[in-house]
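Peer 1: We have chain A; now place chain B onto it with these hints.
Going down the list, the sequences are from chains A and B. So the first sequence is numbered by the numbering used here: it starts at 9 and just counts up by one. So the second sequence is numbered by the numbering used here: it starts at 1087 and just counts up by one.
Among the hints, a few may not be true.
As the list claims (entries may be wrong) - If you anchor each label on the Cβ, the simulated ranges turn out as follows:
hint	chain 1	residue 1	chain 2	residue 2	range
1	A	C204	B	L1223	24 to 30 Å
2	A	I41	B	R1218	18 to 24 Å
3	B	R1444	A	P311	28 to 34 Å
4	A	P311	B	M1293	27 to 33 Å
5	B	Y1122	A	L200	31 to 37 Å
6	B	T1233	A	C204	31 to 37 Å
7	A	E327	B	R1444	37 to 43 Å
8	B	D1143	A	L27	55 to 61 Å
9	A	I139	B	S1616	51 to 57 Å
10	A	E327	B	K1331	16 to 22 Å
Stated by the list, open to error - A few chain A residues that face chain B, going by a derived Cβ cut-off under 7 Å, partial list only:
hint	residue
11	I83
12	L111
13	S294
Stated by the list, open to error - Lysine-lysine pairs mimicking DSS-like chemistry, simulated, CA-CA at most 27 Å apart:
hint	chain 1	residue 1	chain 2	residue 2
14	B	K1290	B	K1331
15	A	K331	B	K1331
16	A	K132	A	K116
17	A	K331	B	K1127
18	B	K1154	B	K1127
19	B	K1127	B	K1238
20	B	K1557	A	K132
21	A	K284	A	K116
22	B	K1238	B	K1148
23	B	K1114	B	K1238
24	B	K1331	B	K1405
25	B	K1468	A	K331
26	A	K116	B	K1557
27	B	K1331	A	K333
28	B	K1331	B	K1125
29	B	K1330	B	K1290
30	B	K1330	A	K331
31	B	K1504	B	K1557
32	B	K1557	B	K1468
33	A	K333	B	K1154
34	B	K1154	B	K1114
35	B	K1238	B	K1154
36	B	K1330	B	K1468
37	B	K1127	B	K1290
38	B	K1290	B	K1148
39	B	K1238	B	K1330
40	A	K333	B	K1330
Quick caveat, the hints were computed from the structure, so don't treat them as lab data. Even for Gly, the Cβ is constructed at its ideal location relative to N, Cα and C.
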Amino acid sequence: MKAVVPLLAVLALTFAAWLGAGWDRVEPLFGVILPYGAVVAFLGGITWRVLFWARSPVPFNITTTCGQQYSLPWIRSSRLGNPHTRWGVAGRLMLETLLFRSLLHNVKHEWVGGEGDAPRLVYKASPGLWIGALVFHYSLLVVFLRHARFFLDPAPRWLYGIEEVDSYFRVGSVAFFLTGLMLTSAVLYLLLRRLCTPWLRYLSLPADFFPLYLLLGIALTGGLMRYSLRIDIQAVKNFCVNLARLHPAAASGMGPLFHVHLTLVSVLFAYLPFSKLVHMASLPLSPTRNMPGAGRMAHHENPWNYPVNVHTYEEYENEYRGKMKAAGIPLDREAP
Amino acid sequence: MTESSKPEKPAKVPFDPRPRDWLEANTKFAPGRWSYSAKPKALQTLGFPNPREWSPDQEDWKLPANWKEIILQGLRERLDRYRSLKIFMDACVRCGACADKCHFFIGTGDPKNMPVVRAELLRSVYRGEMTRSGRLLGRLAGGRRLTPEVLKEWFYYFYQCTECRRCSVFCPFGIDQAEITMLGRELLNLLGLNINWVMDPAAKCLMTGNHLGITPHAFKDNLEFFADTIEEITSVRVDLPINKKGADVLFVAPSGDLLAEPGIFTLMGYLLVLHQSGLNYTWSTYASEGGNFGLFASHELMKRLNAKIYAEARRLGVKWILGGECGHMWRVAHQYMETMNGPADFLEEPVSPITGTRFANARSTRMVHIAEFTADLIHHGKLRLAPGRNDHYRVTFHDSCNPARSMGLLEEPRYILKSVCRHFYEMPAETIRERTFCCGCGAGLGNEECMELRMRGGIPRAQAVRCVREKHGVNLLSCICAIDRAVLPTLMEYWVPEVGVAGLHELVGNALVLDGEKERTANLRGEPLSGGEA
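Just chain A, with the same shape it has in the complex:
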């Protein structure tokens, strides 16, 4: 159910775009309004989301310390796991953002033995998710950058470099982009992992499957257009350049598959700020990762810190004065 409904949603989007492509009246909806709307929703949504987060203060330094603290000069502190300087914090965040460092250390627990011997709890390295996530995110990034070719005329020099490396393996006369395959495989892995691991299937929501189906649809339509149907690249480029120059033209002559591709991409962009996909923006703001671990070293201000009702020493001494006196404990005042 959780996995089926989002699949139906993506299929519905696909059919709508397919049908809309052939119908002149609604074509601008898919070719013009949706792409622009998606960009506006994406930029506006991300900005709104980050401002929404930033509006709330960080009242306490709640760093999760993952290593030795900075303390005595002869003890080596963990500069990245438990940074005490801004540079250390920057390094920690960079490693998290670029290399998914916490995920790299992932392990899974397992019970072994049990026949005659009491079962044992052991921990095994579990790098699958880390590898899957790295492959997925980086190939998505490269695929995204490669698409700049369609929007920039002339294409910038750095693009040629990316394409050259990416198409190292040639299939016949066609440049074969490795990242496309990597992206598709990674999405499939992430999807199958969710579907086949019982506890993961249990905790997953429709919102976890929807973006995976979207990405899969995007990758498949993209691949089909490039390797199988060989649609008119020049027409696509003209359309995209015009879109980028804010002179949208009708997306005719490229076939329904292009519409489907464009529609799914637009939906992904528009959906991103309002879904779990905002994690791309939240990581640098995560309060357990973006502050120095040395909490006792510098003052941290809580803007809403308010006075509270305490039981004062005076009240305490008033209650226990006689007994404190009898026990020979020093008093502030001999009588109330």
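Peer 2: Same frame as chain A, now just chain B:
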């Protein structure tokens, strides 16, 4: 709790995905897995809402009529006050990295004990009540409405979390279930849904200065009893400065160390080190608690209980503060204290008068951990040690959650241990340092009634101890947390018999050679030393 309600041992714990859809709130309060409700008297003392007699396993929780409004308003306020909450509500991708990092999930197999799902219990309400998509699409958007059933589920599972933060180490975004549990419990507290094992100690702490309700004269009596014991063992009479104005340092320990074994031996260790170092220090009967059960109820209560430490330091005119071995006490001291009750500008930057070491890492909060203090003394050769006196122990070290993951106090205790005993062995790497496993009883769950939960939550730790027991013959589990000292003996007795539990400073106290002491024939527990060890 009877023996029969503890889990069968040793057990493989199966994953048990029932009901299949976690959005279905249908909580059965299983015996041995929940804690008794707070007594009205404790709530009245603390000024907390809705004091009444009730029990979680009964149908009627006697909620105020506008309970839903109170929770939603409370959630809105907290979203405005804590960026952490907003981000932790929005950013989770449910990748599952945290799932089996929780000792309660490993020990119970209950899928709602996966940190991600425990957090989703709150997130789903956030989505279903506060976001447009959630209100519109409901379950399709992972949203649900706040119902009494959901409230019961919150109570059941937010009190099956020890706020140990292990999940946040593995989360690629640092999402911290402890923060969600803390704020979730804060919400429950608005309706008077709290547990006695948290609220009763907190109420006592507010009025008497410590969780156990030890009155000033009893406090002095206890210290004197320990001084007598020390005198019997060493022939040296240690000083017992109490509420002394003009001392250089205020010493604050968890009150658990004053009451029960093996904590009292740790306290004797403090007394010995402080005496031998010649530090001009004082105890306080008013600030007689380093621990802070307010942390397990609400930020405000945490601040109210913690305020005494700075207030007392100011009243006594000390230069800085020294803190004993306690886990959650150090969470508060390291991450909250100075923000809540500072600035500590009336104190001085801590400097050890014995070694001249400046504790630069504590220059703002001005509170030093006794492991930092003692490690510095040992490093400078200021303590004469006879580690052979601990030769009957083969020791391993349990990193307590908070000093490990909310501070990073990892090497100091190890340095001390290696200096005061000769047989030290580490548990498997996945179970120590920042990846340490909780004792299973923190955050107010160390009570008798949730014994099954405790024994299950302690499985990962017990399994790691068993590993070094079999490999190296380890017979002592050392730690730097008063809750550990209170609960680990039960856990060891149940899963790994013949392994004892001791605080770090008990071992220091055993090994420390005092000026003018007689030849010791017994350790701090009064157990005879076999000859030739000194």
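Peer 1: Confirm or reject each hint.
Peer 2: How the hints compare with the structure:
no. : hint                            : in the structure
1   : A/C204 with B/L1223: 24 to 30 Å : 26 Å, holds
2   : A/I41 with B/R1218: 18 to 24 Å  : 21 Å, holds
3   : B/R1444 with A/P311: 28 to 34 Å : 31 Å, holds
4   : A/P311 with B/M1293: 27 to 33 Å : 31 Å, holds
5   : B/Y1122 with A/L200: 31 to 37 Å : 45 Å, violated
6   : B/T1233 with A/C204: 31 to 37 Å : 32 Å, holds
7   : A/E327 with B/R1444: 37 to 43 Å : 39 Å, holds
8   : B/D1143 with A/L27: 55 to 61 Å  : 57 Å, holds
9   : A/I139 with B/S1616: 51 to 57 Å : 54 Å, holds
10  : A/E327 with B/K1331: 16 to 22 Å : 20 Å, holds
11  : I83                             : 5 Å, holds
12  : L111                            : 5 Å, holds
13  : S294                            : 4 Å, holds
14  : B/K1290 with B/K1331            : 25 Å, holds
15  : A/K331 with B/K1331             : 19 Å, holds
16  : A/K132 with A/K116              : 5 Å, holds
17  : A/K331 with B/K1127             : 24 Å, holds
18  : B/K1154 with B/K1127            : 25 Å, holds
19  : B/K1127 with B/K1238            : 23 Å, holds
20  : B/K1557 with A/K132             : 19 Å, holds
21  : A/K284 with A/K116              : 24 Å, holds
22  : B/K1238 with B/K1148            : 12 Å, holds
23  : B/K1114 with B/K1238            : 9 Å, holds
24  : B/K1331 with B/K1405            : 11 Å, holds
25  : B/K1468 with A/K331             : 38 Å, violated
26  : A/K116 with B/K1557             : 23 Å, holds
27  : B/K1331 with A/K333             : 16 Å, holds
28  : B/K1331 with B/K1125            : 37 Å, violated
29  : B/K1330 with B/K1290            : 23 Å, holds
30  : B/K1330 with A/K331             : 17 Å, holds
31  : B/K1504 with B/K1557            : 19 Å, holds
32  : B/K1557 with B/K1468            : 35 Å, violated
33  : A/K333 with B/K1154             : 50 Å, violated
34  : B/K1154 with B/K1114            : 22 Å, holds
35  : B/K1238 with B/K1154            : 13 Å, holds
36  : B/K1330 with B/K1468            : 25 Å, holds
37  : B/K1127 with B/K1290            : 11 Å, holds
38  : B/K1290 with B/K1148            : 25 Å, holds
39  : B/K1238 with B/K1330            : 48 Å, violated
40  : A/K333 with B/K1330             : 14 Å, holds
The structure is inconsistent with the numbered hints 5, 25, 28, 32, 33, 39, although it conforms to all the rest.
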